[in-house]
Amino acid sequence: MELFLFYAFAVLAIGSALLLVSLRNTARSLFLFFITLFGMAGLFLFAFADFVAITQIMVYVGGVLILMIFAFMLSNKELLQDLQHGKNSLMAFTRWQAVFVSVGFLVVLTYALWQWDSEGLPLWMQQNIQDGNIIQATDNNIPQLGIKFMTEYVLAFEVISIFLLMALIGASHIARKEPEND
Amino acid sequence: MISITHFLIVSACIFSLGIYAILAKRNAIMILVGIELIINAAILNFVAFGRYDKIHYGGQVFALFAMVLAAAAVAVGLAIILNVYRHYRTINPDQITDLKD
Amino acid sequence: MLAATPHNTLLYAVIATVCLPLLAFIYQAVKGRSAQTGIPSITAIIGSLLLASYIAVQVWNQPPIHFQYSWFTLGENTFYIGILLNNLTALMLVLVPLIAVPVHIYSTAYMQGDAGIHRYWMYLSLFCFAMLGLLVVDNLLLMYIFWELVGFASYLLIGFWYTRESAVQANKKAFLINRIGDLGFLIGIAIIFSEFGTLDLHALFSENGLLSQMDNLSSTWLTAAGIAFFIGAMAKSAQFPLHVWLPDAMEGPTAVSSLIHAATMVAAGVFLLARIFPLFNEHALLVISIVGTLTACTAACFALAQYDIKKILAYSTISQLGYMMVGVGIGAYDTAIFHLLTHAFFKCLLFLAAGAVIHEMQHLKQHVQGDFDPQDLRNMGGLKRWMPKTAILMGLASLALAGFPLTSGFLSKDALIISTFEWASERGLVYQLIPALLILVSILTAFYSARLIFKAFFGEPRLPYFHGVEKHPVHEPGASMLWPMVFLGICCLFPLFSLNPFSSSHSWILSGLAVPHSFAAIHALHLLIPSMLVTGTVLSITLAWKWYAQDKYPLNAQSALMLAAEKQFYINEFNQRIWVNGILGIAKGAYWLDRHIVDGLVQLFAGCVQYISKVSSWVDTHIVDGLVNGLAALTYWLGNIFRQAQNGKIQSYFLAAFFTLFMGLLYLIFS
Numbered sequence: 001m002e003l004f005l006f007y008a009f010a011v012l013a014i015g016s017a018l019l020l021v022s023l024r025n026t027a028r029s030l031f032l033f034f035i036t037l038f039g040m041a042g043l044f045l046f047a048f049a050d051f052v053a054i055t056q057i058m059v060y061v062g063g064v065l066i067l068m069i070f071a072f073m074l075s076n077k078e079l080l081q082d083l084q085h086g087k088n089s090l091m092a093f094t095r096w097q098a099v100f101v102s103v104g105f106l107v108v109l110t111y112a113l114w115q116w117d118s119e120g121l122p123l124w125m126q127q128n129i130q131d132g133n134i135i136q137a138t139d140n141n142i143p144q145l146g147i148k149f150m151t152e153y154v155l156a157f158e159v160i161s162i163f164l165l166m167a168l169i170g171a172s173h174i175a176r177k178e179p180e181n182d
Numbered sequence: 001m002i003s004i005t006h007f008l009i010v011s012a013c014i015f016s017l018g019i020y021a022i023l024a025k026r027n028a029i030m031i032l033v034g035i036e037l038i039i040n041a042a043i044l045n046f047v048a049f050g051r052y053d054k055i056h057y058g059g060q061v062f063a064l065f066a067m068v069l070a071a072a073a074v075a076v077g078l079a080i081i082l083n084v085y086r087h088y089r090t091i092n093p094d095q096i097t098d099l100k101d
Numbered sequence: 001m002l003a004a005t006p007h008n009t010l011l012y013a014v015i016a017t018v019c020l021p022l023l024a025f026i027y028q029a030v031k032g033r034s035a036q037t038g039i040p041s042i043t044a045i046i047g048s049l050l051l052a053s054y055i056a057v058q059v060w061n062q063p064p065i066h067f068q069y070s071w072f073t074l075g076e077n078t079f080y081i082g083i084l085l086n087n088l089t090a091l092m093l094v095l096v097p098l099i100a101v102p103v104h105i106y107s108t109a110y111m112q113g114d115a116g117i118h119r120y121w122m123y124l125s126l127f128c129f130a131m132l133g134l135l136v137v138d139n140l141l142l143m144y145i146f147w148e149l150v151g152f153a154s155y156l157l158i159g160f161w162y163t164r165e166s167a168v169q170a171n172k173k174a175f176l177i178n179r180i181g182d183l184g185f186l187i188g189i190a191i192i193f194s195e196f197g198t199l200d201l202h203a204l205f206s207e208n209g210l211l212s213q214m215d216n217l218s219s220t221w222l223t224a225a226g227i228a229f230f231i232g233a234m235a236k237s238a239q240f241p242l243h244v245w246l247p248d249a250m251e252g253p254t255a256v257s258s259l260i261h262a263a264t265m266v267a268a269g270v271f272l273l274a275r276i277f278p279l280f281n282e283h284a285l286l287v288i289s290i291v292g293t294l295t296a297c298t299a300a301c302f303a304l305a306q307y308d309i310k311k312i313l314a315y316s317t318i319s320q321l322g323y324m325m326v327g328v329g330i331g332a333y334d335t336a337i338f339h340l341l342t343h344a345f346f347k348c349l350l351f352l353a354a355g356a357v358i359h360e361m362q363h364l365k366q367h368v369q370g371d372f373d374p375q376d377l378r379n380m381g382g383l384k385r386w387m388p389k390t391a392i393l394m395g396l397a398s399l400a401l402a403g404f405p406l407t408s409g410f411l412s413k414d415a416l417i418i419s420t421f422e423w424a425s426e427r428g429l430v431y432q433l434i435p436a437l438l439i440l441v442s443i444l445t446a447f448y449s450a451r452l453i454f455k456a457f458f459g460e461p462r463l464p465y466f467h468g469v470e471k472h473p474v475h476e477p478g479a480s481m482l483w484p485m486v487f488l489g490i491c492c493l494f495p496l497f498s499l500n501p502f503s504s505s506h507s508w509i510l511s512g513l514a515v516p517h518s519f520a521a522i523h524a525l526h527l528l529i530p531s532m533l534v535t536g537t538v539l540s541i542t543l544a545w546k547w548y549a550q551d552k553y554p555l556n557a558q559s560a561l562m563l564a565a566e567k568q569f570y571i572n573e574f575n576q577r578i579w580v581n582g583i584l585g586i587a588k589g590a591y592w593l594d595r596h597i598v599d600g601l602v603q604l605f606a607g608c609v610q611y612i613s614k615v616s617s618w619v620d621t622h623i624v625d626g627l628v629n630g631l632a633a634l635t636y637w638l639g640n641i642f643r644q645a646q647n648g649k650i651q652s653y654f655l656a657a658f659f660t661l662f663m664g665l666l667y668l669i670f671s
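Protein chains in written order, with full-length UniProt numbering: chain A, 1 to 182; chain B, 1 to 101; chain C, 1 to 671.
No lab work stands behind these hints: they were computed from the structure.
For each residue, glycine too, the CB sits at the ideal point set by N, CA and C.
Some hints here could point you the wrong way.
[Said to hold, decoys possible] Derived CB-CB ranges, DEER-like: (1) A:Gly-170 <-> C:Leu-23: 38 to 44 angstroms; (2) A:Leu-121 <-> C:Gln-646: 33 to 39 angstroms; (3) C:Pro-64 <-> B:His-56: 34 to 40 angstroms.
[Stated by the list, open to error] SDA-like mimics (lysine to any residue), calculated; alpha carbons at most 20 angstroms apart, straight line: (4) C:Lys-649 <-> B:His-87; (5) B:Lys-54 <-> A:Thr-138; (6) C:Lys-588 <-> C:Phe-605; (7) A:Lys-177 <-> A:Leu-67; (8) B:Lys-54 <-> A:Asp-131.
Produce the entire structure from the sequences given, and follow the hints as far as they go.
Laid out in structure tokens, this is it:
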């Protein structure tokens, strides 16, 4: 049952991503992106990363995706014209280059995984499995994560907060309306 | 319990699709989506490995950090796209060729 | 080694003494152009003076007090930062601000209205800070740092009027010559460190320090270290032949000159020698005395023929520093320090008075729109009519310089010369030359200081502007210039140093320093030498009166000897010719070599190549070009293809990047 659900989510994520990249309509692509992200969030759950999954939905679906749709709508008009021009670009040269590189990556990664799998798990993982230091389905991750954030990773946490603040200020600065005379 | 190889295969697929989106799409927003897909693949790897690390919770913590980075990247990237659109009246990367010498 | 608690107030007092001028410096550096009053500097230096007096009272005639904290560790050697207070330090610690306070007050009037006055106060504070720091620190490394800082601050002050070409040249010269000395100091530090493994003054030089325990130390190294340190002191204290910077340093403001000459810069060299005195062995000491004597003689001769009022004073300083060096060299550094102290007061006064005179001459020059050098003695004369108080004060200081009885100079100079005689009489006839020369120099000193006074203040005015001008611009300096001078004038008299005006042997300074002399005292000399000196002085002053005040000058001012003395025996020209021109000559030679031999070879080679190329050109046009043209066409065609990769589209760049990454991954996995 667990495996079945995993496959269902995996197929959901990969399938919608595949559809996403092959569709030409950007609006549909963006909604498919939402489904992909949802599927990914589901996959996170199978790694017992419930908090990450929730954050994924909140940050990506609630923030990133909305932002993208928003940007899409702002630049929509021209795009439609663009689409009408390159009708049969599926056969275009660049597209086949892209297909070659991405499939190449997939093959290489899969091959590398296969090789890695046959070598067995790394030592630290084996050690942790032996000691029982792996996250179980019954574990409550959220308080642990909170503690880790405020103790072990507090520096990274603060740095990344500042970074996010700077990025947002920068983004709003870049995106502001220029004065007319410019 | 799902073996880690499953996760890694799925993340490899998503990663490749992200690369494809970056290379082939005719819309700057979709390039950004491709980047997000790659980052999501990375996050999936983080949590998959993070399951074996109960002491430090490194995988999950850094998955969250990666998410924050991705959000920041999207914010800045979209701002740039908006500006590009204002300037060139298009967001098709094929038509923005000012990098050419 | 660690600080005992009761002394903690003392420690803070020392730190405050040193750092107050630094604070003033920082404050004025931060305020920049708006800090013109100099009040922070004056307040700081007065505070330093008060604290230094407190410290001196606490430290005087007590065992040396040593504070030490670890600073940093380099390998196995820990360096310490610390303070070493003994009688010598206490004395100098009071002297420096005591001289600096009148100079500061004097400066408020003297530098008034100068465009760069904010810089002036800043540099002055830095100068005082550096000197005070030099006095209290307890190891050679820190001392070296402050030593450099003193040099740097003096560089800034000498070049204070940096728009004048001569000032820039002078401060460059001072800096370069001081570098020679600094090199000596550094070599000395290196030798000490390699021999003893520590730079701590207390550990090295105290009564049962490392130096007294190590009898087997190679004397060559000890001599080398002593001479290296002495070279450092030579440059700072302007000893022959490294004295050339000091006369040129007159380009700075006169108040600065007085500070440099009296208490800060030149005193640093003598202080250094006194502080590390146990280091010097017989050989090094002999070198020091010889150089000191040589300096005293040559500088006195140079001073005789100068016309610039400040230059005379500069040479007299060099000459007196020569005395101090002799004092160190004969092992009686207490007399050297004693002379340094008395000299500080009267030389400072001389400079301040000379500054006042120059100031007034400058006024006169502006008033009559005349074109004359306000520092030239030949343009003065008869000034006592308008500046009687300055004349009296300067005369008093000159008497002290000449070593006249009842003045402080008499005490210290006699003490020094008597010690030298005692030292020489134990050694042999050749050594007697040194005290004999010193007596000669002393008489010369009396002569040239009398010449200075008589030419400037007595006789008839030499400039036409002095006659028939109703409202005369030359007058006494204002109160803020006069009172510091009066104060210094009082300090030139004997009671400050010894209650007995004719004998220095019981003065509190000599008994406080208590240096064990290596020679026996000869009591007969204590009467003989002062009377000899006084007689000589009186005679030479009388002669100077005849010659200069009454204008019965018998010698030819243009004679070769006089000119040579005025040009300081052409030592600058010598330096110019030997060092500067020598190096220029070498450079020119190298240029000629380069031009004619290296270039000639190259040109010969070029000619050959040209000929060969002519031959090959024919081959080229007819045979190779066909190939090349074909290749060029191919390249053009290929380039055209690759050009398309550079199409400005971001996705093609992405593609290239990912493709490279992909290939890299392939390589990593399959190799």
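Each hint, compared with the structure:
no.: 1; hint: A:Gly-170 <-> C:Leu-23: 38 to 44 angstroms; verdict: holds (42 angstroms)
no.: 2; hint: A:Leu-121 <-> C:Gln-646: 33 to 39 angstroms; verdict: violated (46 angstroms)
no.: 3; hint: C:Pro-64 <-> B:His-56: 34 to 40 angstroms; verdict: violated (58 angstroms)
no.: 4; hint: C:Lys-649 <-> B:His-87; verdict: holds (16 angstroms)
no.: 5; hint: B:Lys-54 <-> A:Thr-138; verdict: holds (13 angstroms)
no.: 6; hint: C:Lys-588 <-> C:Phe-605; verdict: violated (24 angstroms)
no.: 7; hint: A:Lys-177 <-> A:Leu-67; verdict: holds (17 angstroms)
no.: 8; hint: B:Lys-54 <-> A:Asp-131; verdict: holds (10 angstroms)
Violated hints, listed in ascending order, are 2, 3 and 6; each of the other numbered hints is respected by the structure.
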